[in-house]
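Given these sequences and hints, build the entire structure.
The listed protein sequences derive, respectively, from chains A and B.
Residue numbering for the first sequence follows numbering that gives the first Met the number 0, starting at 0 and increasing by one per position.
Residue numbering for the second sequence follows numbering that gives the first Met the number 0, starting at 0 and increasing by one per position.
No lab work stands behind these hints: they were computed from the structure.
Treat the hints with caution; some may be incorrect.
[Stated by the list, open to error] Some chain A residues close to chain B (C-beta under 8 angstroms, calculated; not the full set):
id	residue
1	57
2	106
3	202
4	330
5	348
6	349
7	371
8	374
The beta-carbon is built from N, C-alpha and C at its ideal position, and this holds for glycine as well.
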Amino acid sequence: MKPQLNIFKNIDKTVLFLFLALVLMGWFNIYAAEVTDDRHSIFDLNQNYGKQFVFILTSLVIATTILMLDAKVFPTFSWILYGFFLVMLVGVLFFGTEINATKAWFRFGSFAIQPSEFAKYATALALASYISQVKSRTIDFPTRIKPFIILGVPAFLVFLQKDMGTTLVFASLSLMLFREGYIGFRLLITGFLAIALFVLTLIINEFIIIGAMAAITFFTAFIIRKKKTELVQLVALFVLLSGYVYSVDYAYENLLEPHQKLRIEVLIDENADLRGAGYNLHQSKIAIGSGGFWGKGYMQGTQTKFNFVPEQATDFIFCTVGEEWGFLGSIVVIALFLWLLIRLVILAERQRSVFTRVFGYCVASLMFFHFTVNIGMTIGLVPVIGIPLPFLSYGGSSLWGFTLMIFTFLKLDSKRLEML
Amino acid sequence: MHLNRPSDFHSSRKVVIIGFFLITGLIFLVQLFHIQVVDPAYKLSASSNVLRHLTDYPARGLIYDRNGELLVYNEARYDLMVIPQQVRDIDTTAFCDLLNIDPAVFESRLLQARRHSPFRASVFERQISKNTFAAFQEKLFRFPGFFVQPRTLREYTYPIAAHTFGYVGEAGPSVISNDPYYRPGDYIGISGIEKAYEEELRGKKGVRIRMVDALNRDIGPYQQGRFDTIATAGKDIYTTLDAELQIYGETLMQNKRGSIVAIEPSTGEILALVSSPSYEPGLLVGRVRTRNYRMLQNDTLKPLFNRALMAQYPPGSVFKVVNTLVALQEGVVDLSTRYSCSGAYYAGPITIRCRDHPNPVDVFSSIKHSCNSFSSVAFRNILDRPHFENMQEAFNTWRRHVGSFGFGSIFGSDLPYELSGLVATSDYYDRLYGTRGWRSLTIISLGIGQGEIGTTPIQLANLSATVANRGIYYTPHVVKGIGDPDSSIDLNRLPNVTTIDAEHFNVMAEAMHRVVSDGTGRFSLIPGIEMAGKTGTVQNPHGENHSVFIAFAPVDNPQIAISVVVENAGYGSTWAAPIASLMIEKYLNREVNRTWFEQRILDANFLTPQP
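Written out as C-alpha cells, the structure is:
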C-alpha cells in the first residue's frame with residue numbers, strides 16, 4: 000500500500016459538500032437545542048455540543064485516513080471486518096453497558112461506543128463482497144438466500160440487545176437487494192401490500208378487511224370465472240391474506256409490549272395516550288409546528304429548550320430545525336438529504352465494479368431508512384423508533400459510522416476506472 | 000464482460016428507488032406544510048409566547064399506627080419560583096422589601112437560577128411564610144417571571160420512631176438522571192418507610208399547561224386543558240406500630256444506648272422499634288434539614304444509626320435457647336439428660352466460668368440458671384457425634400439449624416437498611432485453622448453465644464417470637480396496609496418454619512417461663528402476667544458488658560415477643576429484663592403499676608462519660 004498524497008483527486012465534490020453542510024448544521028442545532036446560557040462556548044467539552052465538536056474532528060480524521068488507504072483494502076478486508084464486528088456484537092451482549100434499556104454499548108469513561116453502528120458498515124462491505132463474486136447469469140435459490148443470511152445474523156444479534164430501531168435498519172438493505180435483483184417486483188409489491196394491510200388492520204376491525212377482501216375476490220372470480228388455474232390462485236391468495244390479517248391482529252394484541260402498541264396507536268389517534276407517548280409526539284409536533292413558515296430564528300426556540308421535547312439533541316434534533324428554521328429550514332434539510340441520496344445512487348450506477356455499486360446502494364439504503372424513520376417520527380408519520388438522523392443527531396458512533404460509509408464509497412468511486 | 004453479470008439487467012430499477020426517495024420527501028413536505036403552515040392546532044395562540052408547565056404536587060400519603068392514630072401528616076408550604084428569561088422590568092426594591100432580602104442577594108440568586116437554566120423554573124426562595132405568600136399573591140403581576148409553587152412538608156404527631164419513618168428530602172442529581180419522574184426540587188423519601196413506600200406515598204404529580212403572556216398574566220389553559228394531568232394523591236400507610244408502646248419504649252430508653260424490638264408473634268407485625276439515642280423526626284424536615292443532618296451525623300452518640308436493625312452483637316446467653324433446641328432436635332440431650340457443673344467448664348486448656356447454682360442441671364434448670372457448662376457440653380456433643388464424617392459436615396448441620404431461625408440473613412421485608420448479622424461458615428474456620436485444624440473445642444464459645452457470631456436486635460426479637468409460636472415465625476414487618484388498614488401484604492403472611500420440631504419448643508417455652516418465675520429473670524416478674532424470657536450478658540471487649548433480654552408473654556397465648564439490648568449496662572437481668580417486662584406490662588395491661596420499678600429505669604443513665 001502506497002499512501003496517496005493528493006487524497007482529494009477524483010473525489011466527488013458534491014457529496015463532500017453535502018456531508019460537510021449536514022454535519023455543521025447538526026452541530027449548530029445541537030448547540031441551539033441544548034445551550035441554556037448564551038455565555039457558554041460552543042466548544043465547551045462538558046456539554047454535548049462541545050463533545051459533538053470532538054466527534055466531528057475525529058470523523059474528519061477518519062475520513063482522511065480512509066481517503067489515504069488503498070481502495071483495494073475494502074474488498075480484501077470486508078469479511079475480516081464483518082467477522083470482527085459479529086464478535087463485537089456478541090461481546091456487547093456479555094460485557095456491554097445498558098443505556099436506556101438497550102444493552103448495546105461499550106463504555107470507556109464518559110464516552111460510550113455502540114458496535115452496532117459499525118456493524119452496519121461491515122455488513123454493507125460483506126454484502127458487496129458476496130454479490131460482486133456471483134458470476135452466474137441467473138440467481139439460483141442458494142445464491143439468492145445468502146445475502147439475507149449475511150444481513151440477518153448481525154440484525155439478530157442487535158435484536159438480542161433489545162435495540163428494535165437498529166434491527167429494522169438492517170432490513171432497509173433489502174432496497175439494495177431489490178436493485179441487484181435479489182428481490183423481485185412481486186416480492187416488493189407483496190411487501191408493500193403487507194405493510195398497507197398491517198396499517199389497515201390496526202385502524203379498521205380485521206373482519207371488515209377480510210369481508211372487503213372477500214368481496215373483491217368474489218368480484219374478480221366472477222370476471223375470470225372461465226380460467227380454472229387463476230381461480231385457484233385467487234382463492235389461495237385470499238386465504239393467505241385473510242390469515243395474514245388475522246395473525247397481524249393477533250400479534251399486535253398479544254405479542255407487542257404495551258409501550259410499543261401505544262407508539263403505534265398515537266399515530267392513528269393522538270388522543271390514544273395523551274399523557275405518555277402521545278404527549279411526546281404532540282410536544283414534538285408543537286415544537287415543529289410553532290416554527291411556522293419562517294421559523295423563530297436561531298437559538299430562539301422555546302419548546303425544545305424547555306425540555307418538553309425528549310431526546311432533543313439526539314433522536315429529536317429535527318424538532319430544533321423545525322422550530323427555529325421553520326418550514327423553509329425543513330425544506331432545506333430534506334432537500335439536502337434527497338440530493339445526497341440521489342447523488343449516491345447516480346454515483347453507484349456509474350461504477351464498473353459491482354463491489355462499489357453494491358456498497359453504494361447499501362449506503363444509500365441505510366441512510367434513506369434513517370432519514371425516513373427519524374424525520375417521520377418527529378412529525379407523526381412513523382412510530383417512535385429510536386434511531387438517529389444521520390450527521391445531525393448528537394452522538395459519536397452514529398456520525399463515525401456514516402462517515403466511514405460515505406468516505407469509503409467516495410474512495411471506491413474515485414478509483415472507479417481502476418476497480419473491476 | 001462485466002456487463003453480462005446478472006444484476007446489471009436490473010439497472011432500470013434505479014428509477015424506482017429514486018422514486019421512493021422523492022415520494023418520501025414529498026410526503027414529508029406535505030406533512031410539514033400541514034403542521035407548520037396550515038394547522039393552527041400546533042401554533043401557540045398569538046397573544047401568548049410562553050407555555051408554563053405548572054406542577055401540581057399531590058399530598059403525600061399519611062402514616063398511621065396500628066390503632067388508626069395519625070402519626071405523620073402534611074402541612075402546606077410555598078416555594079417562590081423564578082424563570083430568569085421572563086424576568087423583566089421589575090421593581091427590585093419592592094420585591095426585596097417583600098421578601099426581606101438584600102438587593103445583592105436578589106442579584107446573586109437570579110444569577111444562580113440563570114446558570115441553572117434561563118428557560119426553566121428554579122426555586123428562588125424555599126418555603127416562604129404564609130404572610131409572605133399572601134402579600135406576594137396580590138402583587139405577582141408586578142413581578143413577571145416569578146410564581147408560587149405550593150408544596151407540602153411533613154409534620155409529626157409525636158417525636159418518635161424517626162428511624163422507622165425515615166425522612167423526605169430533595170431528589171439528588173443521580174436520582175433525577177435515573178428516574179424521569181423526578182425533577183430538580185422534587186421531594187423523595189430517603190430512608191425508612193418514606194423510602195420503602197415512596198411510590199405509594201408520593202402519588203402522581205399532575206401538570207397543568209397554562210399560557211402566559213409577556214406581562215406574566217395567566218391567560219388560560221393551553222388547548223382547554225387537553226394535555227393537563229390530574230395529580231393523584233399518595234396512598235396512606237398503616238403501620239404495625241403501637242404508638243403508645245413506641246412512645247413508652249423511647250421513654251424507657253432515654254439516656255441509654257441500645258434498642259427495643261417488640262413483635263406480635265402471630266403475625267410478625269412490629270409493635271415497637273426503638274433505637275436509642277434517636278432524634279426528633281421534625282429535625283429532618285424542610286429548610287433546616289441539611290444543617291440538622293450534618294449535626295446529627297457528627298454526633299458521637301450516632302443518633303442516625305438504627306441499632307435495632309443494624310447493630311450486631313454476639314447474642315451471649317440468649318443463644319443458649321437456640322443451641323439447646325438444636326441439641327434436643329439432634330437427640331444429644333433429652334429431658335432426662337443431666338450434666339454436672341462445678342462452677343466452671345473445664346476442657347483441656349480451656350475454662351469457661353459459670354455461676355453458682357444447684358448441681359447437676361437438666362434442660363430446664365440449665366436455661367433457668369443460664370448454665371455455661373451445660374451449654375458447652377451440649378454444643379460439643381452436637382458436633383462430636385461419630386456419624387459425622389468430618390468437622391465440616393457436623394458444623395454445617397448445626398449452622399443449617401441456626402440459619403432456619405433467620406440468623407445470618409436479612410428478613411428483606413419493608414425494613415430499611417437491615418444488616419444480616421454473621422454466622423461463620425466452615426470455610427471460614429478452614430481458612431483460619433486448616434481443613435483438619437479445628438474441632439468442637441476450637442469453636443466452643445459459640446455454645447454460649449460468643450465468638451464468631453453476630454446477631455441484630457430484630458433477629459433476637461424474632462427468636463423470641465419463634466419460641467412463642469413454638470417453631471415458626473412470620474417475617475417481621477412495619478407496614479400492615481397501603482391505602483386501607485387491612486390490605487395485607489402477602490409476602491409477610493407466609494410462615495417460616497424452623498428445622499426444630501414443635502415438641503422441643505414446648506420444652507423451651509416452659510424453660511424460659513421458669514427463667515422469669517424463679518430463674519435469672521425473677522427480678523422482672525410481672526404480677527398477673529405469665530412471662531417467658533432469657534437473660535444474656537454479652538462480653539464486650541471495649542467496655543462494660545451489654546445487657547440483653549428476650550421475652551414473650553403470656554406464655555400460653557403469646558401477644559408480644561420482645562428483645563431488649565442495653566449497651567454497656569452490665570447483666571441482662573438488671574437492665575434489659577426490667578425494660579422488657581415494663582414494655583410487656585404496658586402492652587398487655589395498657590398501664591404500668593410498678594412505679595418504683597419504672598422510675599429506676601427512667602433514672603438510669605449510661606450515656607454520661609465513664610471515668
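Quick rundown of the hints versus the structure:
1. 57: With Cβ-Cβ at 26 angstroms, over 8 angstroms, it is violated.
2. 106: violated, 15 angstroms
3. 202: Constraint on residue 202 of chain A not satisfied, violated at 18 angstroms.
4. 330: holds, 7 angstroms
5. 348: holds, 6 angstroms
6. 349: Violated - the Cβ of residue 349 of chain A stays beyond 8 angstroms from chain B, reaching only about 11 angstroms at its closest.
7. 371: holds, 5 angstroms
8. 374: Holds, about 6 angstroms.
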